[in-house]
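Undergrad: Generate coordinates for the entire structure from the input sequences, incorporating the hints supplied.
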Amino acid sequence: MKYLMLIYGNEQIWNSLPAGDLSTLIGEVDAFNEALRASGELVESQGLVSRPRSVRMVGDAPVVTDGPYLEAKEYVGSYFVVDVDSEERALEIARSYPALRFGSGPSGGGLEVWPLMTGTGGDL
Amino acid sequence: MRRYGDFTRAEDAVQEAMITAVEAWRADGVPEHPAGWLRTVAARRYVDQVRADAARQRREHAVLDATPRDALIAPPPDAEPPRDDLLELLFLCCHPALGPSAQVALTLRAVGGLTTPEIAAAFLVPEKTMGQRIVRAKQRLREAGARFDLPPEPERGPRLAAVRHVLYLIFNEGYAASSGPALRRVDLTGQAIRLTRRLHRRLPGDGEVAGLLALMLLTEARGPARTGPEGDLVPLAEQDRTRWDRTAIAEGVALVTRALSTAPVGPYQVQAAIAAVHAEASSTEDTDWPQVLALYELLERLAPGPAVTLNRAVALGMVRGPRAGLDLLHELADGPLAGHHRLLAVRAHLLERAGEPAAAARAWREAARLAGSLPERRFLVRQAARLS
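Line order of the protein sequences matches chains Y and V.
Position one of the first sequence corresponds to residue 1 (the working numbering), numbered consecutively onward.
Position one of the second sequence corresponds to residue 1001 (the working numbering), numbered consecutively onward.
In case anyone wonders, no lab produced these hints; they're calculated from the structure.
Beta carbons are placed, not taken as given, at the ideal position from N, Cα and C, and that holds for glycine.
Treat the hints loosely; a few may be bogus.
[Claimed, not checked] If the Cβ cut is set under 7 Å, some of the chain Y residues that face chain V in the computed set are:
no.: 1; residue: Ser39
no.: 2; residue: Gly40
no.: 3; residue: Val43
no.: 4; residue: Asp85
no.: 5; residue: Glu87
no.: 6; residue: Met117
no.: 7; residue: Thr118
no.: 8; residue: Gly119
no.: 9; residue: Thr120
[Unchecked claim] Derived contacts from chain Y toward chain V, CB cut-off under 10 Å, selection only:
no.: 10; residue: Met5
no.: 11; residue: Glu44
no.: 12; residue: Leu48
[As the list claims (entries may be wrong)] Once the Cα atoms are required to be at most 30 Å apart in a straight line, the calculated DSS-like pairs of lysine-lysine come out as:
no.: 13; chain 1: V; residue 1: Lys1138; chain 2: V; residue 2: Lys1128
no.: 14; chain 1: Y; residue 1: Lys2; chain 2: V; residue 2: Lys1138
no.: 15; chain 1: Y; residue 1: Lys2; chain 2: V; residue 2: Lys1128
TA: In structure tokens, the structure reads:
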């Protein structure tokens, strides 16, 4: 089963981290990715450049504007996709994401775990 | 690769050609058509290699010819028959130290003979991910001290159950993938049937292996009828049964009939028997629903689970009316299927038959929202739209 992990960040949290903490964290995230790659569970992993554009219909024409679709302090900073044996395993991976401890409360960063829809169908 | 079909050799030849190129181009400059040059050199290197390998083989044969005849001829009749490693290999690949996805990958690689890229394509993951999964699985087996032999008698039952389950998973993955807009990938159902057939030949007295093979054949027989012209799913009740594969059905029915009369009954045999009842009916109305219901009751005793109860609710709805089916669904309301699209779809179907179109439409829509697969979602959305 494949799951999309959306990693939310918060500019304020990142900017307030001391340099030492930041490099420790980067090392931990690298190790986290490497462990998932080595187990054969990581499908892909990408960071997102924080320069999103939104495209929406205004009247009957699509209009491009700067900024994310929803105005919020939190933004999607990166994502990864895992292919695992169970939802429990997906949640275990999410819980062990190293940057999680720097976000707490409603304004902190966090992860969203989304099951990916398959293109396959069972018997009806 | 395309010209010669031998992957390892072709890779080696291309590598050799690259080395030659670096040397030659440094001396003489880059040729006018570098790619063509490389292809020509690679092809020559390939032929060289085949010749070298053939020469080595001739040398080996010469050694063989020099070996005393009696060291080569068949062993005396009281010795062991020639070995078939199928069982040992399956037990190893489905070792309990591995998770299901690793067991499946290793079985397809080591027993099914699929390449890593083929397995990766079948499960829609990058080749690297699948390669790593197989490497990790082999590593796990080493760490667990897994051995290439038959497990001791008391372990054999549960280990064989794990093997059957892995074959079942492979079949299901392939069967689900053969519908809908997804292009048909590697033929996993065919692989699963071939492997189960080999296992059945090796263990003809195992009723559950026979039951599993029968279940696969009877399910696959419906394959051609269960997708519409646009790749949409066609439910059992609406399938054109003349398109079912009668040869596969006959084989499946014979297998399950024999197994049920000779071996202790088990869940795969009962599921195959249910599939056989459907296969032998010319329509939903003609189906022997009391027998389907009785078989689901038996299955629930042998292997209880919410999915079995859900299917029993469908059968109960056919035998004793939709209200009886809906009542049974209440038992599942707090279980692991609560909020699952299948449960909602069955409820919708029963509500519709009970004459409550508005409630049915709501349930179809809710089922559509929660469906985990695109073809199923499309089917459910259409069901909802039909009623509103």
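Undergrad: Against the structure shown, which of the earlier numbered hints fail to hold, in ascending order?
TA: Structure breaks hints 5, 10, 12.
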